[in-house]
Amino acid sequence: MNETIGLTFLIIGITFDVIGCIGLVRLPDVYNRLQAATKCVTLGTSMILLAVVFYTGINAIGVKALLCIWFVLITSPTGAHAIARAAHKSGVRLWKGSVMDKYADDHEGADSSS
Amino acid sequence: MSVFIALLILCIFLCLYRVGKGPTAPDRTVAIDILGTLVVGFCAIYSIITKKDLYMNIGISWALLSFIGTLALSKYLEGRGFDE
Chain S
1 MNETIGLTFL IIGITFDVIG CIGLVRLPDV YNRLQAATKC VTLGTSMILL AVVFYTGINA
61 IGVKALLCIW FVLITSPTGA HAIARAAHKS GVRLWKGSVM DKYADDHEGA DSSS
Chain L
1 MSVFIALLIL CIFLCLYRVG KGPTAPDRTV AIDILGTLVV GFCAIYSIIT KKDLYMNIGI
61 SWALLSFIGT LALSKYLEGR GFDE
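Protein sequences appear in the order of chains S and L.
So the first sequence is numbered by my numbering: it starts at 1 and just counts up by one.
So the second sequence is numbered by my numbering: it starts at 1 and just counts up by one.
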């Protein structure tokens, strides 16, 4: 029973990973790639680690897998946010089909007021 | 299990394609960040196969070191010092 649940989580997680990496290759812009890849791969890797918990039960491997889920869920969005801010500040242009850039508007407003 | 490992290796090669081709430096940084998270999943599947907790230790260390590397690269791209 536990192996069936674990196999289901494993299949879902690998599917999310593959979809995220296809998005990393196919999308046209840094910001689009960041959005697709980071969210999909974070959820997919968390699902794989949850599958480890269901396969092995609560022992040394399971507790370390739960700890690793916590680390991945905390650190991956933080890193993605830092990369997006660095890309915008280092002057990478948006894709030509993008419709709005609210970060640039806020930044120019802050610069003109100060 | 070997099917899942083959799919993860396919994902890693897609990330390496983006590292090689990416037109700007933030593209390569994104791909390296994703590569680190994929390696954590690889270690998790390997710990299911071998039933040893050594590989989960490697996964935890890899997650933390990948996060620190991503933050350092983004600070460098932003053009600021590390002490701000």
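Hints should not be assumed to be uniformly reliable.
Unchecked claim - Straight-line Cα separation of at most 30 Å, DSBU-like style, residue types lysine-lysine; simulated pairs:
#1 S:Lys102 with L:Lys51
#2 L:Lys52 with S:Lys89
#3 L:Lys21 with S:Lys39
#4 L:Lys21 with S:Lys96
#5 S:Lys102 with L:Lys52
#6 S:Lys96 with L:Lys51
#7 L:Lys52 with S:Lys96
#8 L:Lys51 with S:Lys89
What the hints assert, rightly or not - Partial list, derived from the structure: chain S residues whose beta carbon lies under 8 Å from chain L:
#9 Arg33
#10 Gln35
#11 Tyr55
#12 Ile58
#13 Ser76
#14 Pro77
#15 Leu94
Everything labelled a hint here was simulated from the structure, so no lab data went into it.
Treat the numbers as computed from the prediction; the structure is a model and nothing was measured.
Think of the CB as a built atom: it goes at the ideal place given N, C-alpha and C, for glycine as much as any other residue.
Check each numbered hint against the structure and report the violated ones by number, ascending. The structure conflicts with hints 1, 2, 5, 6, 7, 8, 10, 12, 14, 15, although it agrees with all the remaining ones.
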